[in-house]
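14 is the number that my numbering gives to position 14 of the sequence shown; each next residue is one higher, with no gaps.
Okay, the calculated beta carbon distance ranges per label pair:
{"no.": "1", "residue 1": "Arg66", "residue 2": "Glu90", "range": "14 to 22 Å"}
{"no.": "2", "residue 1": "Gln26", "residue 2": "Phe49", "range": "14 to 22 Å"}
{"no.": "3", "residue 1": "Leu76", "residue 2": "Lys23", "range": "25 to 33 Å"}
{"no.": "4", "residue 1": "Leu76", "residue 2": "Gln26", "range": "29 to 37 Å"}
{"no.": "5", "residue 1": "Lys31", "residue 2": "Asp62", "range": "19 to 27 Å"}
{"no.": "6", "residue 1": "Glu58", "residue 2": "Glu28", "range": "25 to 33 Å"}
{"no.": "7", "residue 1": "Arg66", "residue 2": "Lys35", "range": "20 to 28 Å"}
{"no.": "8", "residue 1": "Arg41", "residue 2": "His91", "range": "30 to 38 Å"}
{"no.": "9", "residue 1": "Gly27", "residue 2": "Asn79", "range": "36 to 44 Å"}
{"no.": "10", "residue 1": "Val40", "residue 2": "Glu90", "range": "31 to 39 Å"}
{"no.": "11", "residue 1": "Val25", "residue 2": "Asn79", "range": "33 to 41 Å"}
{"no.": "12", "residue 1": "Ser64", "residue 2": "Lys35", "range": "20 to 28 Å"}
{"no.": "13", "residue 1": "Thr51", "residue 2": "Ser24", "range": "16 to 24 Å"}
{"no.": "14", "residue 1": "Glu90", "residue 2": "Gly27", "range": "42 to 50 Å"}
Keep in mind that the hints were calculated from the coordinates and are not lab data.
Nothing here was measured: the structure is a model prediction, and the numbers come from that model.
Here a beta-carbon is modelled for each residue, glycine too, at the ideal position from N, C-alpha and C.
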Amino acid sequence: VSTHHHDQSELDDSAVSGVLTLKSVQGENLKVQGKSFGAVRAVAGEVVFNTGMVGYPEALTDPSYRGQILVLTFPLVGNYGVPDDEAKDEHGIGRRIQL
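Let the hints inform the model, and build the full structure from the sequences given.
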C-alpha cells in the first residue's frame, strides 16, 4: 500500500490533520481521516490497525511494526500521555516517543 497526504505542501515533523489516501496494489483507495506525524512523503508498506484503548506508546515503539503503516483506531489516543524520557523497558532500553 502506498500513501498520499492531501492538502499538505511543506515538509515538516509536526502533526498533520486531514485525509490520508491508502492505495492498494490492486488499485483500490481507502481514505483515512486523522492525524499523521513525521516527514510528509509517499511511503509503502502493509497497513495494520491497532484497536486498543490503551498501550499506544508501546504500539508506536514496537519493533514488530517496522516497515508497516500503523493506524491507531481508538478516537481518544493521546489522552494519558507517554512515558518520560528516562523510562526503560524490561531490557533496559529507553522507552519514549519523540514527536
